[in-house]
Amino acid sequence: MNCTRYLFHYYSTASPYHFNKGIRSLKHTSGITKVDEALQVFDEMLQRQPPPSIIQFNQLITVIVKMKHYSTALSLYKQIKLMGIPTDIYAINISINCHCRLNQVTYGFALLATVSKQGHPPVPATYNTLINGLVLADRVFEAVELFKKLLREKLCEPNPITFGTIINGLCKVGYTSKALELLRFMEAGSCKPCVAQYNTIIDSLCKDKMVDDALELFAKMTEKGVLADVITYNSLVQGLCNFGRETEAAKMLRDMEEGGVSLGVDTFNILVNSFCKQGSVKDAELAVQAMVRRGLHPNVITYSALIDGYCLRGELDEAEKVLDGMVEMDLVPDIITYSSLINGYCKKKRIHKAMNIFQEIQNKGLISNVITYNSMLQGLFQSRNPTTARELFKEMQAKGLTPTVFTYGILFHGMFQNSQCSDALALFRSLESNEMKKDAGLYTILIDGCSKCGKPNLAMDLFDELLLKGLKPDVRTYNVMIRVYCQEGLLGKGKELLRKMEENGCLRNSFTYNVIVQEWLKKNEYLEAEIFLEEMINRGFLPDSTTFSMVLRLIPDVGQDSRMRTIIQKLTSV
DNA sequence: ATAGGGTTAG
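Count along the first sequence starting at 1, add 3, and that's the number in my numbering.
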């Protein structure tokens, strides 16, 4: 179990073969001291006379980079240079990558100057790393410019990874069709695309809800003799699951195995996640068992998904059991794991338990993110603790976390819920972010809040404002507004909105029908109510308890053979 | 024997 001793043992034999074995074992050791162990090995290496080659240092630092300890990696190179050990182009490239990952692309470009100064011939990897650095920094257009400059000035010969990095950048900013163009360009030229470039676009298409286009590209790729790998299948399985096409996903898994590609931990995690999101944690547990039977080890993501699944179902005890289980497996729960638990406890209104975990996170040195705060805020508002919630909101901003649209949604909804209407409106008006003021969802929350706080005129003004800004109301917006108009006696406007909703291709949901039927019945519009009740039932929606009891109250007055009688019989025969 | 890209989570 003592990894350090193991490494020392092999290292002291000074054979490169054994040394590598030592580094490999480092990758697979569990526990939190992996980086420390790597650092000990590094110190040992520095003290050797003569010092090990830069190759061995690069190997060790690559391990540290894989652990995402970028600044540590950079400081090790600094020490290497201080010791007078000459570095090579690999070392420089690794350093550039570290700077890029630390959001310091500029330093990366500074190192590019060293490359030519040291007389290294230009290498694609250097440019690939920098281009990727720009992509990581959301500077995709600059990345494209650098790529063009590379071609124009023939700085080095681009390889599939160069193209792949640009393709990835284009996909990232939503230019999937441009990415596809570049792929076609590769297919036509001498730098043929390999599976990774196809994967990037297939995944992007799946995320753009264009799963069928993704499947088509997958077929074309296979035709061209490029073999799909585990990542290709993962993207497709994920895409299919996301859109309820589980049967096809299952078929895809079979094809995958028949094609000689074995399911990986990631593949199972996609399944586990998908089952959990659908609410069937039992199936997710079965998937975990299946992966263990295949000799695969569930990881933090696997357990986090299960925990989240149980939390969503409100089965907190089960979630806690999984947490205990993962700790026993030497896996360290991360911020995502704890955020799920916080969310679960908040939804169950067990705010103190949530607070405890929130505190525990800080003690463990984990950094709460926006999602953690969102859950806490929602919990605090729901448990009638608006003051603490608003303090926490200030705290998150003070920590440099930028609230998202989601955060403001929780905040406004919570403030209305706790009778802080004017505060909510004032806060909305004071927002500087344009993004927030262009969000129909936030408007819907405000409209709903105003109407429930007895400010229907404000609600109507806000709706007009939304339309004036050219924002698209969604089904929730329409539902809320139809109710507002009806409650204000503006039945005509309500009906008009119902029409507009249809014109705009916005489908009525169960909430729409309940609102309409309730309001129509209140206004004694029985004929209309009947029509909507029938339509509602035909589309598989059921009246909620309010609608149901309103319908039942009609019984003494409806005729034996009336349509309403038939509807009531249908509803009560279930 | 060392570098660079693509999949999974609230």
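Please note that the accuracy of each hint is not assured.
With a straight-line Cα cutoff of 27 Å, these simulated DSSO-like cross-link-like pairs (lysine-lysine) come out [unchecked claim]: (1) Lys351 x Lys280; (2) Lys455 x Lys350; (3) Lys69 x Lys84; (4) Lys352 x Lys397; (5) Lys120 x Lys181; (6) Lys285 x Lys351; (7) Lys175 x Lys212; (8) Lys280 x Lys181; (9) Lys181 x Lys151.
If you're looking for bench data, these hints aren't it; they were derived computationally from the structure.
- Which hints, by number, does the structure contradict? Those not satisfied are hints 5, 8.
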